[in-house]
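Residue numbers (the numbering used here), protein chains in the order written: chain A, 1 to 126; chain B, 1 to 362.
Rather than coming from a laboratory, the hints here were simulated on the basis of the structure. Even for Gly, the Cβ is constructed at its ideal location relative to N, Cα and C. Honestly, I wouldn't trust all of these hints.
In silico PhoX-like links for lysine-lysine, alpha-carbon gap of 20 Å or less [unchecked claim]:
# : chain 1 : residue 1 : chain 2 : residue 2
1 : B       : 69        : A       : 2
2 : B       : 341       : B       : 358
3 : B       : 286       : B       : 254
4 : B       : 79        : B       : 69
5 : B       : 15        : A       : 2
6 : B       : 304       : B       : 274
Looking from chain B toward chain A, a few residues come up when the C-beta cut is under 7 Å (computed) [said to hold, decoys possible]:
#  : residue
7  : 34
8  : 226
9  : 292
10 : 314
11 : 353
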Amino acid sequence: MKVDKDIKYSKTHEWVKFLDDTTALIGLTDYAQEQLGDLVFINMPAEGDEVSCDTPFGDIESVKAVSDINSPVDGIVAEVNEEIAENPENINSDPYGSWIIKVSNITEICDLMDADSYERFCQEEA
Amino acid sequence: MQLKTPLYECHKRHKGKMVEFAGYLLPVQYEQGVIKEHLAVREKCGLFDVSHMTELFLEGEDALKNIQKIFANDFAETKIGQVKYTTMLNEDGGIVDDMVIYKFSDTKYMVVGNAANHEKDYNWIKSHLFGNCTLTDRTNDYAQLALQGPASTEILKKLTEESNIPAKYYTFLEGKIAGLDCIISQTGYTGELGYELYTAPHNAVKLWDELIQAGKDFGLIPCGLGARDTLRLEAAMPLYGHEMTDDITPLEAKLNFSVKLNKEDFIGKTALEKRMDSSRVLAGFKITGKGIVREQNDMFIDGKKVGFSTSGTHAPYFGYPIALGYIDKQYSAIGTKVIFKVRGREVEAEVTATPFYKRSKK
């Protein structure tokens, strides 16, 4: 399992990369993609949708299963990554390079972990 | 209780992601993932551990009479060395299980059924036996490996003489592969050319390793339950607990070929004759909207519920999702547009011909 030291992690296996104080990219972790297997479809939110902490904003389907994608922040969807919507398998090959949505107007950040804590968290879950 | 098959160490070695299935720990996939495993079987070859399958033997002078009574297909003309698919029905014409039956001799047959129905099948058959016929559960005496894909014959040829390879679909023989005693059967659950090999548990690891080694140059990879499911679904092969249940008749499930109503009495025949004009039928669906239909998603036309899905997945060979499900017969024409409700969303689909995938015969 890979982690990226510069980003934060949620207990539901999303990662958050802050671009500034109120804007962030959100994606799925390497652990999540490994658990889910070959990803084939993402149900994306629309630009302008509100997202809030620990609440699903979309779902992602692998060949075998479907899983919610939860928001790690309160804010507004500024952009959805159309390239990932078209090619969800990119998350399998490059989870930290494949952001799913960009959130702006962030007013609240959920309980997040740094890379070391997240690695321990996954080991305990496994 | 989690049982391990004799091939457990091979799965660990190939980094299989282990899950519980019908009480057994089996790989849902290996390192390459479901899509690559699926395509390997369509284009080259895949190797599956299907040791969880049930092997029951019916033996004795009255074996055939019992089989004719207990199973819905007709075995009167079945030859030694032939395999036949059948359903086993309850008194209401519903399906107890589906299985393949191997004829070894006039007095010896092997019934291979679903792992999830192991006890149910044994008890059902046992409770209906009559005359001179014994039922023996020999599930633990066999490991079963499924070698599936267009290259499977060439791979077997590296490990045995051609005379040990059954030339026809749904036939079998007993012979040696890599020097190990096997039942070698040209059967499978993938819609592809392939073989199922039954051997003693202590031979299983050696047989697996010999096949993997012999298959290397042909692109053979190990495949898990995930690919087994997507492959059977593309081939529109029904799965018990999904397309078949105790309440569903084989006619509704489009398994007419597994039932011979013109043979003498068998369990479920009378009820089945009364259920001929059922209003629902199994159909295939191509998902044209966004999303993946899974099992038990309701299906609508103009807001009216007309059916439900029984299985659904992304189909790796086609690159879009497909599903099987029951639909009111009046709406079952190919091309009919339906809406599935999937997790609160509406996903468009249309009735399509099955099987979704049919291999081209050379």
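Consistency of the hints with the structure:
1. A hinted pair counts as satisfied when its Cα atoms are at most 20 Å apart, and residue 69 of chain B with residue 2 of chain A does not qualify at roughly 59 Å.
2. Straight-line distance between C-alpha atoms of residue 341 of chain B and residue 358 of chain B comes to about 29 Å, which puts the hinted pair past the 20 Å bound.
3. For the given pair, residue 286 of chain B sits about 18 Å from residue 254 of chain B by alpha-carbon distance, which is consistent with the 20 Å threshold.
4. Of the supplied pair hints, the one linking residue 79 of chain B and residue 69 of chain B holds, its CA atoms being roughly 18 Å apart against a limit of 20 Å.
5. For the suggested pair residue 15 of chain B and residue 2 of chain A, the alpha carbons sit about 17 Å apart, so the restraint of at most 20 Å is met.
6. As the CA atoms of residue 304 of chain B and residue 274 of chain B are separated by approximately 27 Å, the hinted pair breaks the 20 Å bound.
7. Annotation: interface hint on residue 34 of chain B holds; nearest CB of chain A at approximately 4 Å, less than 7 Å.
8. Among the interface hints, the one on residue 226 of chain B holds; its C-beta lies about 5 Å from the nearest C-beta in chain A, closer than the 7 Å criterion.
9. At about 5 Å, the closest approach between the beta carbon of residue 292 of chain B and any beta carbon in chain A falls short of 7 Å, and the interface hint on this residue holds.
10. With a cut of 7 Å, the hint placing residue 314 of chain B at the interface with chain A holds, because the nearest CB-to-CB distance is about 4 Å.
11. Given the 7 Å rule on beta carbons, the hint for residue 353 of chain B is violated: about 23 Å separates it from the nearest Cβ of chain A.
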